[in-house]
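**Student:** This is what each chain is made of:
Number of protein chains: 2
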Amino acid sequence: MAGAMETVADAARQENVARILDAAERLFRHYGYSKTNVADIARDLGMSPANIYRFFASKAEIHQALCARMLDGVYAVALEICRSKESAADRLRRYSLAQYRLTVEMMMDQEKVHEMVVVALERDWHVIDKHIDRMNALLAEVIREGIAAGEFPEQDANVAARCFGAATVTMCHPQMVAQCLAKENRATPDELIDFAIRALKK
Amino acid sequence: MAGAMETVADAARQENVARILDAAERLFRHYGYSKTNVADIARDLGMSPANIYRFFASKAEIHQALCARMLDGVYAVALEICRSKESAADRLRRYSLAQYRLTVEMMMDQEKVHEMVVVALERDWHVIDKHIDRMNALLAEVIREGIAAGEFPEQDANVAARCFGAATVTMCHPQMVAQCLAKENRATPDELIDFAIRALKK
DNA sequence: CGAATGACGATTTTCTTATTTCGTCACTAT
DNA sequence: ATAGTGACGAAATAAGAAAATCGTCATTCG
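Protein chains in written order, with full-length UniProt numbering: chain A, 1 to 202; chain B, 1 to 202.
Hints listed in this document are in silico derivations from the structure and should not be mistaken for laboratory results.
Treat the hints with care, as some may be off.
If chains are identical, the list can't say which one is meant, so a pair holds when it fits in one copy or spans any two.
Derived DSS-like pairs (lysine-lysine); straight-line CA-CA distance at most 30 angstroms [what the hints assert, rightly or not]: (1) Lys59 x Lys183; (2) Lys202 x Lys59; (3) Lys85 x Lys130; (4) Lys85 x Lys202; (5) Lys35 x Lys130; (6) Lys35 x Lys201; (7) Lys130 x Lys201; (8) Lys183 x Lys112; (9) Lys183 x Lys85; (10) Lys202 x Lys112; (11) Lys201 x Lys112; (12) Lys201 x Lys183; (13) Lys59 x Lys85; (14) Lys35 x Lys85; (15) Lys130 x Lys59; (16) Lys202 x Lys130; (17) Lys59 x Lys35; (18) Lys85 x Lys201; (19) Lys202 x Lys35; (20) Lys85 x Lys112.
Go ahead and model the full structure; you've got the sequences and the hints to work with.
**Tutor:** In structure tokens, the structure reads:
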């Protein structure tokens with residue numbers, strides 16, 4: 001009974017958390033992170049600013065949670081691809097291209113979103129770090145399967161995953177993508193992905 | 001005669017340009033780019049601020065020239081390595097490690113130097129872009145030699161060079177190096193270089 | 001009794017003004 | 001004639017006051 005109550009209360013709590021994040025995301029995207037204050041978010045939801053603080057300890061924590069939620073979305077896409085039945089090489093290719101597409105799309109909402117990324121990069125690094133860890137774990141899994149299937153030669157899958165991630169960082173790191181977009185003398189995503197996959201094949 | 005005069009004048013001019021850059025570099029490193037003004041540089045050289053403007057059109061141009069001079073130093077090191085008699089793979093390994101070492105050293109003078117890098121990245125991009133182009137040309141040359149020597153299979157050396165550069169960007173891009181230094185779950189320089197060279201070997 | 005709030009002090013941000021710095025130009029000295 | 005300068009207006013920056021935002025808490029509401 002107490003357990004059920006807690007569950008119900010938690011569900012309601014999660015509902016509020018989600019609504020706050022939805023509002024924050026919309027407002028951050030429209031007005032920018034620094035130009036949006038908690039009063040704006042509260043007003044948008046028809047609640048008092050103080051009430052926001054029952055769910056988040058600070059404005060920074062809202063940003064952090066939002067950041068985590070967005071990365072969850074990226075991870076979900078990656079997971080979907082990595083769980084598919086294609087060859088390991090094909091999955092890696094699709095994985096990288098999807099990463100690239102998502103990053104480009106994210107940076108296309110230039111200006112406002114860029115500010116959020118900068119803030120995240122210098123303050124919510126641990127959130128991003130966790131994301132990198134699980135993405136690397138995913139890569140390692142695919143590579144291990146590729147090795148098992150005889151697609152890649154015997155090698156340390158974890159090291160290979162870290163190298164693959166590092167080699168394709170220009171395609172998933174927002175600042176890199178922003179810096180290299182529309183640059184002529186650069187490797188194309190396809191070229192770079194082929195290059196990285198070739199390294200795995202030895 | 002007029003030609004000789006011009007040559008002499010130009011030599012004197014280059015001498016002054018170099019002295020100004022030397023002073024600027026020392027002051028920028030010590031006080032930071034924004035905290036150093038042209039009057040400081042002029043005073044350090046015992047000349048008037050106005051005289052600086054006979055050699056550089058603006059403070060920004062001094063920074064740009066300094067940036068170019070530093071990159072020239074990096075290029076010289078790279079050139080030395082690439083012209084050596086080792087195997088292509090060994091030269092690429094030494095090239096990448098040297099790049100990494102230089103970048104780490106540069107970022108170690110943290111704070112003041114970091115400011116200069118940020119300024120360069122967002123204002124002197126074309127200088128950096130030229131540098132990237134010639135570094136890629138150097139890489140392509142080594143790779144071409146590696147192909148000729150039968151060390152690497154037949155492939156487009158220019159594309160390969162661009163890919164190799166992109167794959168090892170985490171080791172020569174100041175922001176990347178600063179972000180990844182002292183991170184545990186990352187590929188080491190040696191691992192990443194092996195990975196990239198393996199891609200060239202097919 | 002827990003969800004929600006209005007009121008409030010502490011900190012940040014914005015706005016205004018004063019000072020510094022940039023870059024030009026007519027001019028001096030060699 | 002050419003290297004170099006002092007003086008000056010325009011633009012950028014720093015300093016300080018005013019306003020806003022953040023986050024807390026005792027209290028109200030359902």
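**Student:** Each hint should be assessed against the structure and marked as holding or not.
**Tutor:** Evaluation of the provided hints:
no., hint, in the structure
1, Lys59 x Lys183, "between (36 angstroms within a copy, 27 angstroms between copies)"
2, Lys202 x Lys59, "neither (48 angstroms within a copy, 50 angstroms between copies)"
3, Lys85 x Lys130, "within (26 angstroms within a copy, 44 angstroms between copies)"
4, Lys85 x Lys202, "both (23 angstroms within a copy, 25 angstroms between copies)"
5, Lys35 x Lys130, "within (28 angstroms within a copy, 37 angstroms between copies)"
6, Lys35 x Lys201, "neither (49 angstroms within a copy, 52 angstroms between copies)"
7, Lys130 x Lys201, "within (28 angstroms within a copy, 33 angstroms between copies)"
8, Lys183 x Lys112, "both (22 angstroms within a copy, 29 angstroms between copies)"
9, Lys183 x Lys85, "neither (35 angstroms within a copy, 33 angstroms between copies)"
10, Lys202 x Lys112, "neither (42 angstroms within a copy, 42 angstroms between copies)"
11, Lys201 x Lys112, "neither (41 angstroms within a copy, 43 angstroms between copies)"
12, Lys201 x Lys183, "both (29 angstroms within a copy, 27 angstroms between copies)"
13, Lys59 x Lys85, "neither (42 angstroms within a copy, 59 angstroms between copies)"
14, Lys35 x Lys85, "neither (46 angstroms within a copy, 58 angstroms between copies)"
15, Lys130 x Lys59, "within (21 angstroms within a copy, 42 angstroms between copies)"
16, Lys202 x Lys130, "within (29 angstroms within a copy, 32 angstroms between copies)"
17, Lys59 x Lys35, "within (12 angstroms within a copy, 33 angstroms between copies)"
18, Lys85 x Lys201, "both (19 angstroms within a copy, 29 angstroms between copies)"
19, Lys202 x Lys35, "neither (50 angstroms within a copy, 51 angstroms between copies)"
20, Lys85 x Lys112, "neither (38 angstroms within a copy, 51 angstroms between copies)"
Hint check: violations occur at hints 2, 6, 9, 10, 11, 13, 14, 19 and 20; the rest are consistent with the structure.
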